[in-house]
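S.K.: If you're matching them up, the sequences are chains A and B in order. Taking the working numbering, I'd label the letters of the first sequence as residues 1 to 304. Taking the working numbering, I'd label the letters of the second sequence as residues 1 to 323.
Please note: incorrect hints may appear among the correct ones.
[Unchecked claim] Not the full set, but computed from the structure, chain A residues with beta-carbon under 8 Å of chain B:
no.	residue
1	Ser135
2	Ile144
3	Leu152
4	Ser195
5	Phe264
6	Phe274
7	Ala278
8	Asp281
[What the hints assert, rightly or not] With beta-carbon atoms standing in for the labels, derived distance ranges:
no.	chain 1	residue 1	chain 2	residue 2	range
9	B	Gly7	A	Pro15	39 to 49 Å
10	B	Leu183	A	Leu205	57 to 67 Å
11	B	Gln50	A	Val125	40 to 50 Å
12	A	Leu159	B	Thr21	16 to 26 Å
13	B	Ser219	A	Asp257	50 to 60 Å
14	B	Ser211	A	Pro15	24 to 34 Å
15	B	Val22	A	Pro15	42 to 52 Å
16	B	Ser219	A	Leu213	51 to 61 Å
17	A	Val60	B	Gln50	40 to 50 Å
18	B	Tyr66	A	Ala70	53 to 63 Å
19	B	Gly57	A	Asp288	37 to 47 Å
[Stated by the list, open to error] Residues of chain B clear of chain A, computed beta-carbon distances all greater than 10 Å:
no.	residue
20	Arg2
21	Thr45
22	Glu54
23	Phe56
24	Val116
25	Arg182
26	Lys268
Note that these hints are calculated values from the structure, not bench results. Computed from a predicted structure; not experimentally measured. Ideal Cβ positions, reconstructed from N, Cα and C, are used throughout, including at glycine.
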Amino acid sequence: MDVDLSEPLASIIGPRRMLARLLRDSRTRIAIVVLLIVALSAVFAPLLAPYDPTAQLDIVRLPSQPPSLAHPLGTDPYSRDVLSRLLYGSRVSLAVGLGAVLLAMSFGITVGAVAGFVGGAVDAVLMRFVDAALSIPRLLVLIIVASLWGSLGLVPLTLLMAGTGWFAVSRLVRAETLALREREFIVAARALGASPLRILVRHVLPNVAAPALVAATLGIANVILLEAGLSYLGIGVRPPTASWGAIIQDGAERVSDLWWLTLFPGLAILVTVFACNALGDALRDAFDPRQLPRGTEPTFASEA
Amino acid sequence: MRRFLAGRLAQAAIVVFLVTTVTFVLVHLAPGDPFAAALERPGVTEEVRQSLRESFGLDRPLGEQYVRWVSNAARGDLGWSISYRRPVRDVIADALPRTLLLVGLSLVLSFALGIVVAVLQTERPGGRRDRWLGRILLLLYSVPDFWLALVVLLIFAFWLPLFPPSGIVDPVAHDYMSFSGRLLDRLRHLVLPVTTLTLLATAAISRHQRSALMEVMPSDWMRTAIAKGVSHRRAVRRHALRNALLPSITLAGLYLPALAAGALFVEKVYSWPGMGLLAANAITTRDYQLVTAAVLVTSVAVALGALLAEVAAAAADPRIRVS
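For reference, chain B alone in the conformation it holds in the complex (with noise of 0.2 Å):
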């Protein structure tokens, strides 16, 4: 098991490396700094934005940049936000926690719904039940991402509305409220993003979840329970479920590049201060620091979870061995 870990530690550190390098070469060799558009107002001479690149460092040569952004990084310096005018440490401090609330509440949420609707489903396969879910599904399925948070929005933020449209706290009267006031208020804010995170991971979480219950349909196991007597709905639930679950787990770490592509939408539709968010502003103001920082601490996310569900699964079931 150590040596499994070790393993698959190293070979995630690997691919952190060369997606983060990679990233760095891309913004630097992109047309355009941050000092290109930023300052492109009267006034400010060519002079001015060539002093401010070579305070920055942006004048040296591009391998000498690379190597002195890895050597701060594994200090655990990962520089200066130009565009937010603070350290990219603390920028990425205030969005992570908010976009892993988002994404962690919605991958818990749509994993509970994604496996009561494949069971529901697979329950009387072919029939008029798992054929009409079947339906809505493959819709929500190919609902595109940013459409349907821009639905909901204007359902429930502006004909009905029932949720404020943006932002993560009512920016006037928030400070004014009373503890459970703040917490309701926070609570509201998050009713809408979740939901349709929740939405977007559904479909795709009981797609594979029925598709994994019917591959265990025909084992001898299920075929006993039924010959004792099992009802067909109980020998789903108790027998096929568990055995079908584990495809899931795997399925969870596999499926967080995906959902962290929606939290992207779903954060930019309702201005939800988070990593995507702050990740598309810094590519446009060509945030150099930021951009790469942002990604590094994406795909570390993103590498760390599918380890974790490689070790949950490993860990709830004994056939699979690490080695």
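So that you can see chain A by itself, here it is in the shape it has in the complex (with noise of 0.2 Å):
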């Protein structure tokens, strides 16, 4: 049987007047209809684009052409339709950012939750590696290992992010972890006999999931930021294939004559992972029961 006495403000607001508490939320409301129409353009952009991303039209005519009526974001040098290509775009920034935060998130949740709940040794050994590894630039890594093994496909890149991203998340969880393993309701449940394995997916995991999730909306936003990064730099997805940071490397060596290619892409980079964070803020917020209603003044009490 289930004694559950903890107090996540989830379970004392109940789910439905979090949802209400987070709408309210001018910052989800933005977030939401961004990251729709951005999922969306992904879902739909063979029916959205009006050119093959990767086709090359016209080689000779219609290299960096300006925006115009038939190409509204211009081409690229390789006469390719910008539009088209920033459509596809999203598909891998989608892709690599949801697909890497979902690997990083179980597999640092499962380790977080294992050293805090066996501890001894077996904390030691996992905290110091991630002690190591969080000292590490990831970027560094990520450059180190992307320009050396040369252009990566679409899964590769994925798990070299969910590789080099789930450090963080597992201090977390083991800090929480660790603060709830004597409260009161994890003592019953061990004293009702229940199994460790139980306490740990039953009552531990629930009461991580705030943290967690606000870690990973946050955490897309910057896998997206470094995938645009390394392609950029040139050593991201594999070309042809269209990503916003490709995009913006195809114009950067004339940046001032194909501006273009610079700024929408950017602009959708930065409205993509604006969205994320903005998401990651509110949720943070909202899950905070300490959390000012908007317009008043603080008070002073030292209840929290």
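Assemble the dimeric complex from its two separately framed chains, guided by the hints.
M.R.: Here it is in structure tokens:
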């Protein structure tokens, strides 16, 4: 039987009011609209794109054309249509972002929960490793691996992002697990004879869900930025696959002449990443019971 | 304090050693070598390449090469850069100060700016100014580093040609300038890269500074300050800020890796010949010893920065005990 005495905010006020609280936040609404647009353009790219994103339309007469009616966002030096590449590029960003973060989250949560729950030498070894990994700039690792092994396919790139992205989550989950381990409801569950696995799945994981969800949302934003950065350096997704960073790379040698190659994909990245970050912030505030309602003066009571 | 320092130094040394070793192995395992691509032209036969490899010891087993590299590095010899045809130490000695200048200036400026913005926000949390600054900061926080650099370059170097687009000095005129002219020339070349990096860092710093300030708002001494009639604004500036500055010192150390990464893109866009550009070039030319040395120097800098921040935080706050 379950005797759950934990008090995450969601269980006090209920998921429906939680959602209402979230939707009252203008950041949530903006984020949902933006992410919906990006997701739809990724799914329906074949229907929306006026041209094939990798087709070199007319290398003699059409390279590097500024925006026009036929090509609303212009063409690149290989005479490819930028609008079509932009639409298809959203697929790369979303696929790598979602895929890498899902993988990193499941792995990080597992490692963190095991380290926090088992403790002892296992914990020490895992956390020393995480400490060391966190002190290395992630971009440095990505650049070294990606550039040494040449342009990567979508799957290896996603795995690489996931492999370098789980450290912080595992630390977060471990800290939460350690804090929970001695709480009454866990002790009660243990006294009632619940197995460690059951305690982990039924009691610990629901309580780390909130911070993990926030970390995941912000993590997607970060991965999208990293993928764009690698593609800008010419070591991201293998050409001629359209990716937002790669479009910018195609115009990087002549920024002042080919400004449309820099401007439009960059705005797409900015808007998408902004939406993820805004959603992450809104989620964090919604999960935080101390969060003040908008527009009120702070109270100076020390109950927090 | 001394034991704490020794422990942290040992820890940092282990991390640096691991990072360098992993880099060394990765670089050597990767396809290609310094002589495969660079000498890809008619007239250079495979025998020539092979004899070059032998003369640099690249035909030896990886373990042997590694041991030799470590023992040389321990004596301060970082090896020979094949792509620059100079000792690695000289190449890095040229590049490192340029990056330190860029990163150091940006770190100082962004901390000053970030703290000011956070204080302006928390003087009336949830108010209109707080919300608008928050949105702008979130937007800046979401900008891809390289894209911001490109856009700033496009606007202020090409559309409004106020500043030079690349390099650290004017390649032709610099040598013929007076002393003050040269100084001005250097400053003009610094403006765009430093501005870009500062904007990027400010977004992250003020987000943290704001939450650190909000954290101390509900404390007893803040209530006392308000109760004895200090205005809210003054309470934030005089009382909350002092207590909320501490997390920022620690953050400065933790933020170094991100700043080093941002500096790489900024250096690339503005052709600023620092460590980032150096490392990127070294990787493409498979300049093994230069790559490993660049990673070594970067990880030492990052580890020292984090350690310095921790010591500074301990010095600033007697409540933090180091043991």
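S.K.: Once the closest CB in chain A is found, is it more than 10 Å from B:Arg2?
M.R.: Consistent with the label, B:Arg2 stays out of reach of chain A, its closest Cβ about 22 Å off (over 10 Å).
S.K.: Given a hinted range of 40 to 50 Å, is it respected by the beta-carbon distance of B:Gln50 and A:Val125?
M.R.: For A:Val125 against B:Gln50, whose Cβ atoms are near 43 Å apart, the range 40 to 50 Å holds.
S.K.: Classify the hint on A:Phe274 as holds or violated, based on whether any CB of chain B lies nearer than 8 Å to its CB.
M.R.: 4 Å, holds
S.K.: Range hint 24 to 34 Å: satisfied by the CB atoms of B:Ser211 and A:Pro15?
M.R.: 26 Å, holds
S.K.: Mind verifying the non-interface call on B:Glu54? Its CB should be farther than 10 Å from each CB in chain A.
M.R.: 23 Å, holds
S.K.: Assuming the hint says 50 to 60 Å, is it satisfied by the Cβ distance from B:Ser219 to A:Asp257 or not?
M.R.: Since B:Ser219 and A:Asp257 have Cβ atoms about 57 Å apart, the given range 50 to 60 Å holds.
S.K.: Starting from the hint 39 to 49 Å, judge whether the C-beta atoms of B:Gly7 and A:Pro15 obey it.
M.R.: 46 Å, holds
S.K.: Is the interface hint for A:Ile144 satisfied, with its Cβ closer than 8 Å to some Cβ of chain B?
M.R.: Nearest chain B Cβ about 6 Å off; hint holds.
S.K.: Would you say the C-beta atoms of B:Gly57 and A:Asp288 sit inside 37 to 47 Å of each other?
M.R.: 58 Å, violated
S.K.: Does A:Ser135 pass the interface hint, meaning its C-beta sits closer than 8 Å to a C-beta of chain B?
M.R.: With a minimum Cβ separation of about 5 Å from chain B (threshold 8 Å), the hint on A:Ser135 holds.
S.K.: 51 to 61 Å was suggested as the range; check whether the CB atoms of B:Ser219 and A:Leu213 agree with it.
M.R.: 29 Å, violated
S.K.: Just to be careful: measuring from the Cβ of A:Phe264 to every Cβ in chain B, is the smallest value less than 8 Å?
M.R.: 11 Å, violated
The structure shown violates the earlier hints numbered 3, 4, 5, 16, 19 and 26.
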